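Build the full structure now, drawing on both the sequences and the hints.
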Amino acid sequence: GEDVEQSLFLSVREGDSSVINCTYTDSSSTYLYWYKQEPGAGLQLLTYIFSNMDMKQDQRLTVLLNKKDKHLSLRIADTQTGDSAIYFCAEDGNNRLAFGKGNQVVVIP
Amino acid sequence: GAGVSQSPSNKVTEKGKDVELRCDPISGHTALYWYRQSLGQGLEFLIYFQGNSAPDKSGLPSDRFSAERTGGSVSTLTIQRTQQEDSAVYLCASSLDLAKNIQYFGAGTRLSVL
Numbered sequence: 004g005e006d007v008e009q010s011l012f013l014s015v016r017e018g019d020s021s022v023i024n025c026t027y028t029d030s031s032s033t034y035l036y037w038y039k040q041e042p043g044a045g046l047q048l049l050t051y052i053f054s055n056m057d058m059k060q061d062q063r064l065t066v067l068l069n070k071k072d073k074h075l076s077l078r079i080a081d082t083q084t085g086d087s088a089i090y091f092c093a094e095d096g097n098n099r100l101a102f103g104k105g106n107q108v109v110v111i112p
Numbered sequence: 004g005a006g007v008s009q010s011p012s013n014k015v016t017e018k019g020k021d022v023e024l025r026c027d028p029i030s031g032h033t034a035l036y037w038y039r040q041s042l043g044q045g046l047e048f049l050i051y052f053q054g055n056s057a058p059d060k061s062g063l064p065s066d067r068f069s070a071e072r073t074g075g076s077v078s079t080l081t082i083q084r085t086q087q088e089d090s091a092v093y094l095c096a097s098s099l100d101l102a103k104n105i106q107y108f109g110a111g112t113r114l115s116v117l
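First to last, the sequence lines map onto chains P and H. Here my numbering is used: the first residue of the first sequence is 4, the next is one more, and so on. Here my numbering is used: the first residue of the second sequence is 4, the next is one more, and so on.
Bear in mind the hints are in silico, worked out from the structure with no lab data behind them. Note that the coordinates shown come from a computational prediction; the quantities given were computed from them, not determined experimentally. Backbone N, C-alpha and C fix where the C-beta goes; we use that ideal spot for every residue, glycine too. Wrong hints could be hidden among the right ones.
What the hints assert, rightly or not - In the DSSO-like style, the derived pairs of lysine-lysine whose C-alpha atoms are separated by at most 30 Å in a straight line are: (1) P/Lys104 to P/Lys70; (2) P/Lys70 to H/Lys20; (3) H/Lys14 to H/Lys60; (4) P/Lys39 to P/Lys104; (5) H/Lys103 to P/Lys70; (6) P/Lys59 to H/Lys103; (7) P/Lys73 to H/Lys20; (8) P/Lys70 to H/Lys18; (9) H/Lys60 to H/Lys20; (10) P/Lys39 to P/Lys59; (11) P/Lys39 to P/Lys73; (12) H/Lys103 to P/Lys104; (13) P/Lys71 to H/Lys20; (14) P/Lys70 to P/Lys59; (15) P/Lys73 to H/Lys18; (16) P/Lys104 to P/Lys71; (17) P/Lys59 to P/Lys71; (18) P/Lys73 to H/Lys103; (19) P/Lys71 to H/Lys103; (20) P/Lys59 to P/Lys104; (21) H/Lys60 to P/Lys39; (22) P/Lys59 to P/Lys73; (23) P/Lys70 to P/Lys39; (24) H/Lys60 to P/Lys59; (25) P/Lys71 to P/Lys39; (26) H/Lys60 to H/Lys103; (27) P/Lys104 to P/Lys73; (28) H/Lys18 to H/Lys60.
As the list claims (entries may be wrong) - Here are some chain H residues the structure puts well away from chain P; computed CB gaps all over 10 Å: (29) Thr16; (30) Lys20; (31) Glu23; (32) Asp27; (33) Thr33; (34) Gln53; (35) Asn55; (36) Asp59; (37) Ser65; (38) Phe68; (39) Ser76; (40) Thr81.
Spelled out as structure tokens, the structure:
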């Protein structure tokens, strides 16, 4: 089955880098995803990585995928106050997404 | 449309009433998904559609929940005889198709059952 685990809370100073980690269990996932959720809002797709890649960079975002350890991370460079949100990683399989519990990031000005 | 649209954005209902939640996917997206987000359970998958067909209903929490999709576009999620434990945010997503499973989400419907 799918089981995605994330740590819960991260506090970071504005301008520093943030790193959020996630482990997953379904090695047959095609893509792995990062979503952002701001208070009262839906899920915003931030980025995704194809399962045969090990890194993807998209502006301030860097995704690293370690398939051997089933570990996914998201690095946000130059973290800004607008990055304060809950971040969810997700894996696909069986025509659905399985999400972690989310990681709340609080950016301190 | 430009994005996934859900209505209503908020719904307050009394226990025992039926509610209908609506989702309008991104134009051209053939796959549509419903999820539920609650404090205790996190984000749970409910059901998906490919076109108008929902091959797997096993994610629906009980037989009070049903969903349909018509014309390969708009979908409605119906909850009959609502219970307090149905209170949650119901999220809809769509993707181009099941193979290209990059899912884009709507803002959700916040359901409160009193």
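Exercise for the section: Could you let me know if the closest chain P CB is still more than 10 Å away from the CB of H/Phe68? Expected result: holds (16 Å)
Practice task
Take the C-alpha atoms of P/Lys73 and H/Lys20, compute the straight-line distance between them, and say whether it is at most 30 Å.
Solution key: Not OK: P/Lys73 and H/Lys20 at ~44 Å, beyond 30 Å, violated.
Practice task
Compute the least Cβ-Cβ separation between H/Thr81 and chain P, then decide whether it is above 10 Å.
Solution key: holds (20 Å)
Exercise for the section: Below or equal to 30 Å on CA atoms is what counts here, so check H/Lys103 against P/Lys70. Expected result: Judged against 30 Å, a Cα distance of about 20 Å means the pair holds.
Exercise for the section: Sort out whether H/Lys60 lies within 30 Å of H/Lys14, counting only the CA atoms. Expected result: Roughly 24 Å separates the two Cα atoms, so the pair holds.
Practice task
For the pair we were handed, H/Lys60 and H/Lys103, check the Cα-Cα distance against 30 Å.
Solution key: holds (21 Å)
Practice task
Take a quick look at whether P/Lys59 and P/Lys71 sit within 30 Å of each other, Cα to Cα.
Solution key: holds (17 Å)
Practice task
Quickly compare the C-alpha distance for P/Lys59 and P/Lys73 to 30 Å and report which way the hint goes.
Solution key: holds (16 Å)
Exercise for the section: With 10 Å as the threshold, tell me whether H/Asp27 passes as away from chain P on beta-carbon distances. Expected result: Correct as stated: the minimum Cβ-Cβ distance to chain P is 13 Å, above 10 Å.
Handout entry: Restraint status (C-alpha distance of P/Lys71 to H/Lys20 at most 30 Å)
Key = violated (49 Å)
Practice task
Verify the proposed pairing of P/Lys104 with P/Lys71, using a straight-line Cα cut of 30 Å.
Solution key: Given that 30 Å is the threshold and the Cα spacing comes to 22 Å, the pair holds.
Practice task
Assess, step by step, whether the Cα of P/Lys73 is no farther than 30 Å from the Cα of H/Lys103, and give holds or violated.
Solution key: Roughly 22 Å separates the two Cα atoms, so the pair holds.
Against the hints set out earlier in the document, violations occur for numbers 2, 7, 8, 13, 15, 24, 34, 36.
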